[in-house]
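So you can see what is in the structure, the chains are spelled out below.
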Amino acid sequence: MMRGRASLIAGLALTALFVVPALVALAWTPWDVTAIDVAARLQGPSARHWLGTDPFGRDVLSLVMAGGGVSLGVAVAAIATALALGVPIGLIASARRGWIDEGLMRGADVLFAFPGLLLAILLSAVFGPGAFDATLAIALFNVPVFARVTRGAALPVWSAPFVAAARLAGRSRLTIAMTHVLPNVIGPLIVQASIQGGMALLGEAGLSFAGLGVQPPAPSWGRMLADAQTLIGSAPRLAIVPGIAIVTAVAGLTLLGDALAAHLRIRRGRA
Amino acid sequence: MSVLRFDRVGVRYGDRVALREFSLDLAAGEVVALIGGTGSGKSSASLAALGLLPEGAAIEGEVVRTGRVAMVFQEPLLALDPLMRVGAQVAEAVRARSRASRAEALDESARLFGDVGLDAQAVLTRYPHELSGGQRQRVGIAMALASKPAVLIADEPTTALDPETTAQVIALIVSAARKRGMALLLVTHDLALARAHADRVVLLSGGRIVETGALPGALALPHIAALLERLDHVPVRHPRPQTGASVLSVRGLIHGYGGKTVLSGIDLDLRPGEIAGLVGPSGEGKSTLLRLVLGLETPQAGTVQIAGTDIHRVRGAALRDVRRRMQAVFQDPGASLDPTWRVGRIVAEPLALWPESLSREAIAARVATALVRVGLEASAAEAFPGAFSGGQRQRIALARALVVEPALIVLDEATSALDAAVRAEILDLIAGLADTGIAFLFVTHDHAMIAGLADRVWRLSEGRLIPGVPTRRARPVQ
Chain A
1 MMRGRASLIA GLALTALFVV PALVALAWTP WDVTAIDVAA RLQGPSARHW
51 LGTDPFGRDV LSLVMAGGGV SLGVAVAAIA TALALGVPIG LIASARRGWI
101 DEGLMRGADV LFAFPGLLLA ILLSAVFGPG AFDATLAIAL FNVPVFARVT
151 RGAALPVWSA PFVAAARLAG RSRLTIAMTH VLPNVIGPLI VQASIQGGMA
201 LLGEAGLSFA GLGVQPPAPS WGRMLADAQT LIGSAPRLAI VPGIAIVTAV
251 AGLTLLGDAL AAHLRIRRGR A
Chain B
1001 MSVLRFDRVG VRYGDRVALR EFSLDLAAGE VVALIGGTGS GKSSASLAAL
1051 GLLPEGAAIE GEVVRTGRVA MVFQEPLLAL DPLMRVGAQV AEAVRARSRA
1101 SRAEALDESA RLFGDVGLDA QAVLTRYPHE LSGGQRQRVG IAMALASKPA
1151 VLIADEPTTA LDPETTAQVI ALIVSAARKR GMALLLVTHD LALARAHADR
1201 VVLLSGGRIV ETGALPGALA LPHIAALLER LDHVPVRHPR PQTGASVLSV
1251 RGLIHGYGGK TVLSGIDLDL RPGEIAGLVG PSGEGKSTLL RLVLGLETPQ
1301 AGTVQIAGTD IHRVRGAALR DVRRRMQAVF QDPGASLDPT WRVGRIVAEP
1351 LALWPESLSR EAIAARVATA LVRVGLEASA AEAFPGAFSG GQRQRIALAR
1401 ALVVEPALIV LDEATSALDA AVRAEILDLI AGLADTGIAF LFVTHDHAMI
1451 AGLADRVWRL SEGRLIPGVP TRRARPVQ
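Just so you know, the protein sequences line up as chains A and B, in that order. Okay, so the first sequence: first residue is 1 according to the working numbering, each after it adds one. Okay, so the second sequence: first residue is 1001 according to the working numbering, each after it adds one.
This is chain B alone, in the form it adopts within the complex (with noise of 0.2 Å):
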């Protein structure tokens, strides 16, 4: 029985079309993941199907609701009121469709609390920020499941969290799905998720659908399977032989915050051209651990050695010749490059650390050559950030981390905020620069993307660094 049906559903916000031609259909007790990258079209069609379209869209065709169809959200802490306490927020989703009392509908709540996995008599009084990312995210399952819907859509709902968690958020938004026998539809720019939960898969690019099937047959269609190609691919890497001394050398960090220790002693090595990767989950200072290793922070005691420097006990010019040797990429390329500045002046920022000093030719050369590096035209230097797209910032990003010609790049979630495709380009680069004999950190959640790029991983638990995930290709020390 059909409870969804998308029939020519297009979307076009003025010139711009998000979506055409859109038609899918969902049957009761199905699950359809609907994937693609940025642009793609899947929110347009998730947006339309609740008719939450924002304002200026213009939609045609038809789309056709049997049941009652709820949302759960990307952002959970965007979809709760702050100010009220959770279990009074799924109460007055639970009183929205139904003719409860008050009391019913909290008794409703905590049982639907119980539902999805959470202590209902710990959380029901607490608000949204008292939360984890994980609560919040069930307590949006359970505010979406309150009001009986036929079809759950779940646009994105775990790119907030960690992989432990998302495992777990996606694994309990399917099985309440099939339980309740209600249609989910499963927006995600994750091939994975949909390969493990999904009985059908619609892929879309551009606004249309490229390819659709059932699983796991689809998997063999030829767009999908080069995302599935993108998805496990590992870059190329020339061994080269381990020569040069220490890099990066931390000995005995330990820092912590207001009477918590969050480092207890952290002892980390890396020599020229390594890619070192440091895994685990939120919380567990794998921030705190960069900031010491970039100098944004003083660490309580150790040292941190950055080419037989300390970086903590040096100062002027010494400490810039030091920070010339150690560049960083951030997670958000839509943040990690100022939108008032032009990528040439971008890139150029960190000559300000070079010994002697350049005259803007020189600068323009430099800053032509690190983007040139990193696959761009050199032309790039003139426009704005906003002019690029994510994966194309984040090269930006790169650029700038070069253009010093350091010895250390340290990744901070460098590829988290990208595509499959995006994100297999990136690597590639990555593994390509370090081949040239740049050493790299790279703090991740993504254990199997860092198991085929990585030369070592190190997890970081309790404070202190333990052997992680173990790499697809394992180097032979010295």
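Chain A extracted, bound-state conformation (with noise of 0.2 Å):
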């Protein structure tokens, strides 16, 4: 309980750290991320420029807060498509059963097995690379994880006595399906979308970092760290700072989820 807590404020704190500069950044940030001033390039923190400055000139913390808004954009994007997609098939393959239930499952499983990197050169070499090929191919990865968790936790409703009054009410199995099976499926949901959130996210920053993903001169994360590869030596601070970024965002939502997760099952606990 008590560790539920404490990962819980962890979790937010971690979450707002990240959030709440990249909402900033949309509408305003230090310094503007596409100016290049070769002048002023790899300079140290300073006044100016608290987290220094890239091989362009760029101001680092500037570039970190709107990344954070692209990789964001992109990983929200992804889980809502992929809750769009992902939850109506578990749905259905719950209400369902049978072969209905066994072909969409079976496909789920074909799409798990999919590597989600080769997915994503798939996808880029069909749209070209990009914000949006990035999020599709993050999206379709997931799509098979909701369905699942979703089939998963709607099986023991469909069989609650309270699905059994309600058919006796003479409610469709669509209407069931929305009105009981959905509400009470949504807690495991909100849980495993937080976590697979913070894989969404990390899943962006590697491909932006491959090169599949956010295209400069878009401000990225994992593009940030790919600038900053062939300076690791001279310019650590430009690997580093963005690196710290993916790990408070990517912990900041597992913590979240764990601990929606623990909450969850303590109230199911007392009911």
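If you're looking for bench data, these hints aren't it; they were derived computationally from the structure. Incorrect hints may have been included.
Stated by the list, open to error - Just the calculated beta-carbon pair ranges, DEER-fashion:
(1) A/Pro-156 with B/Val-1314: 29 to 39 Å
(2) B/Asp-1015 with A/Gly-152: 27 to 37 Å
(3) A/Leu-12 with B/Thr-1298: 47 to 57 Å
(4) B/Lys-1148 with A/Ile-100: 52 to 62 Å
(5) B/Lys-1179 with A/Leu-12: 38 to 48 Å
Stated by the list, open to error - So these bits of chain B aren't anywhere near chain A, every CB distance computed over 12 Å:
(6) Val-1063
(7) Ala-1245
(8) Gln-1300
(9) Asp-1412
Given the structure is predicted, the values throughout are model-derived calculations rather than measurements. Positions of the beta carbon are idealized from the N, C-alpha and C atoms, including for glycine.
Join the two chains into one complex using the hints; note that each chain is given alone, in its own frame.
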């Protein structure tokens, strides 16, 4: 209980630590992130540039703030898409059982077995590398995750007596799925979404690092890491800053998911 | 000789006090029944004796164990490892307490299986899921005996079993304890069990010992006597003339699964205001019959008519009309109400079957009427089911059934999850509703209860209905 409370607070704090600057960056950053100033390249931290500048003279603090926004945008869009596709699949599978269930779940298995990076390479070959293909790749990778969580959480709900009571009240399967089953699986879905959100951030950083995600000059944590790679000896700061940002964000979302899951278990236990 | 002594033991979970100032001394060879309803603290006492209180529980006082304490759990399926053969599990328990070799431990577990009335040859190499509930609980008992304990604690050991098996399992636990000179602490909400087997009884309520004494003298103590009265409670019913056509009429119902026949020709009739009981051990098709009557499943042959309409031959508006005349209340009050809905919405749900569309005010008024009819406040509509006790939830489930003014309510073990006091209240409520002309079909394991309540009782055996236990108040037909 205490541990749950602690990880909830830590999770919220760490998540806020990257979400708030990312939201601020939408409206304002200390410096223009696209402004190149070669004269001011590779400066160390100073009053003008709190985290110094990169090889193009861009302000690292502004880059990390704006990069967080891009990463967050990709992660949120990907998870939202995955939920929009995965939850109905899981609900239908749990409602119909039989061959429909088998078909949907084996389809999900195939998608799940497909390496995420391979999917991203395939998509960037089709659409060209960019935020869109990264979002789509991460979304597709997460569809089977949400389909399974939904189905798994929904199956016991379908056999609950209150669903039998709803059938006696003449409700259709669709109505029951929307009004009884969905609200009862939303808890585990929120938990899973926050954990997968952390994974999506990591995925976006990885794809951008590999050049398959966000393209320059748009800022992104993964791109910052990639740019810092060759300078790791002379300016390790350039890799450490986005590295810490990624760790903070992923740890924050994962802790948040864990804490929500623990909270949910306690509530279930009491009911 | 004292083998287990509680000395002013208190258990708290945060701010909630589960048990206070609990003192009890168990002597070798003694059978003590610890009785009390839900939340009385009886489970906290047994967990404290085992040192198994959950994390976050604060304990005061002292538990002195002179010998080993072993436990027979409530739900044997949860206490056994699903991936391990039961013989190996018991052997493991033997080895945990002695230096026996693997082979010796297996021999010992075979002997223990014999002691608890299991055919060791047939059962040793089975997995828990391959055994019946009664067999699993026998394995649980063998496992508890394996450590040669001085004290055996049995916490509601038969909740998961039907009454026939319950009687056998309890008799087995008691005789095993007496034969070995162990002390037995039988934790139960069932005073009837305590009365039949215990030397001494301790009544807990709200975490305190209310009454305690040796049997049979303790039965005269005021609280225990009041409990006994509720246990043997028979609702008062006012005979009313048998008029009107059958509310439920089942003819030649046949059904089965995968080539196995479960029901082979069921005929039954129920008239307005009549309460009919349906008894029989688990697995005899009671649930199947209910599902067919409720129209949740389609029979292979035969008809189910509700107020003259065959529920399996109509669709659309006609089906909705049939459904409106028949509602159900299920066993588990915790699971029969959607925890994410407010009570008002839950109770209103069957109004979707109402022939005319109702205004928001009309729905609220009907919900309020139904809630008041089952003895709840109309304001209960605002709360979520989690705020109510088991008995109150069962009232809410009844209100949901009543809201569409049905002619028939099917009760599926609707009182078996409730303790004696609450059950008596619900039975009175049902009897009162029957007096207003609603017919009830009551599926239950509780022979004594249904004999007191019902006009007729059937037993389901080998797929057919046969006359069951005689009712205490057989009503003249016609």
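- request: Using the beta carbons of B/Lys-1148 and A/Ile-100, state whether their distance is inside 52 to 62 Å or not.
  value: Taking Cβ atoms as reference, B/Lys-1148 and A/Ile-100 lie about 54 Å apart, which means the hint holds.
message: Quick check: does the Cβ-Cβ distance between A/Leu-12 and B/Thr-1298 fall within 47 to 57 Å?
response: holds (52 Å)
message: Is the claim that B/Gln-1300 lies outside the interface with chain A correct, judged by CB distances over 12 Å?
response: Its Cβ never comes within 12 Å of chain A, the nearest being 19 Å, so this holds.
query: Between B/Asp-1015 and A/Gly-152, does the C-beta distance stay in 27 to 37 Å?
result: Holds, since B/Asp-1015 and A/Gly-152 (Cβ atoms, about 35 Å apart) stay within the stated range.
query: So is B/Asp-1412 really clear of chain A, every C-beta pair being over 12 Å apart?
result: Violated, because the least Cβ-Cβ distance between B/Asp-1412 and chain A comes to about 8 Å, which does not exceed 12 Å.
message: Please check whether the beta-carbon of B/Val-1063 is more than 12 Å away from every beta-carbon in chain A.
response: Correct as stated: the minimum Cβ-Cβ distance to chain A is 24 Å, above 12 Å.
- prompt: Against chain A, does B/Ala-1245 keep a CB gap of more than 12 Å to every residue?
  reply: holds (22 Å)
message: Quick check on a hinted range of 29 to 39 Å for A/Pro-156 and B/Val-1314, using CB atoms only.
response: Once the Cβ atoms are compared, 31 Å apart, the range 29 to 39 Å for B/Val-1314 and A/Pro-156 holds.
message: Holds or violated: the 38 to 48 Å window for the beta-carbon distance between B/Lys-1179 and A/Leu-12?
response: With Cβ atoms ~59 Å apart, the hint is violated.
Checked against the numbered hints given earlier, this structure breaks hints 5, 9; the rest are met.
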